[in-house]
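Trainee: If you want the building blocks of each chain, they are given just below.
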Amino acid sequence: EAGVAQSPRYKIIEKRQSVAFWCNPISGHATLYWYQQILGQGPKLLIQFQNNGVVDDSQLPKDRFSAERLKGVDSTLKIQPAKLEDSAVYLCASSSERSGETQYFGPGTRLLVL
Amino acid sequence: EDQVTQSPEALRLQEGESSSLNCSYTVSGLRGLFWYRQDPGKGPEFLFTLYSAGEEKEKERLKATLTKKESFLHITAPKPEDSATYLCAVQANSGYSTLTFGKGTMLLVSP
Chain V
1 EAGVAQSPRY KIIEKRQSVA FWCNPISGHA TLYWYQQILG QGPKLLIQFQ
51 NNGVVDDSQL PKDRFSAERL KGVDSTLKIQ PAKLEDSAVY LCASSSERSG
101 ETQYFGPGTR LLVL
Chain D
115 EDQVTQSPEA LRLQEGESSS LNCSYTVSGL RGLFWYRQDP GKGPEFLFTL
165 YSAGEEKEKE RLKATLTKKE SFLHITAPKP EDSATYLCAV QANSGYSTLT
215 FGKGTMLLVS P
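As they're listed, the protein sequences go chains V and D.
The letter at position 90 of the first sequence is residue 90 when you use the working numbering, and the numbering goes up by one with no holes.
Heads up: take any position in the second sequence, counting from 1, add 114, and you land on the working numbering.
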């Protein structure tokens, strides 16, 4: 079974630029999550989708971050404009009722904002 | 607010030297406690889920245990390939399947 795919793996941008990340979850997983992991910290949830609907975006900085999940499969996370403090690893995870809602993570996208 | 505290922050062991990692938590009704392993430059890899106090799970040299306030990850006779950051997370009964993570314990096993 293929795991969670993410791209790009690395991205370097200057502050005030925009950036987008892509995630393809495990096939059949209805729930998709985006996490932000700052160096030395544990992952922090940004947004959770159930199929193509948002169920929790309480920690998403909505003035600059946006996310969508088209057709309940792939998802994109966008930052516009980026700030220095957005430098982090952005992790995508997915889960299903069949997996007991255990979350399986992708390799992450490492973002550096200069 | 759900909270997870992991200790120690970092641990260095000699190969074969057994030890334990601690995860203390506060949560408004525990649905599950999760352990993940994270290697440098990679995403977290699922290890165990524990659901109730007294539960134990094992995988190779790792054994996870759970009480009402904390969980331990016991590492028996570790090998250098066990070197990684170990993350603990809790999932509450209320709300959605959100995980609250600790900061992790960075384990280094020297040959």
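Don't take every hint at face value.
Just so you have them, the derived chain V footprint on chain D, three or more residues with Cβ under 8 Å [stated by the list, open to error]:
{"hint": "1", "stretch": "129-139"}
{"hint": "2", "stretch": "150-158"}
{"hint": "3", "stretch": "203-212"}
Read the hints as simulated data drawn from the structure, not as lab findings.
Because the structure is a prediction, the values reported are computed rather than measured.
All residues carry an ideal CB built from backbone N, CA and C; glycine is no exception.
Trainee: Now tell me, hint by hint, if it's right for this structure.
Mentor: Going through the hints against the structure:
Residue count for the stretch 129-139 of chain D with a Cβ under 8 Å from a Cβ of chain V: 0. That is fewer than the three needed, and the coverage hint is violated. Here the stretch 150-158 of chain D counts 5 residues with a CB under 8 Å from a CB of chain V, which clears the bar of 3, and the coverage holds. Note: the stretch 203-212 of chain D has 6 residues with beta-carbon separation from chain V under 8 Å; the three-residue rule is met and the coverage holds.
In terms of the numbered hints stated before, the structure departs from hint 1 and from no other.
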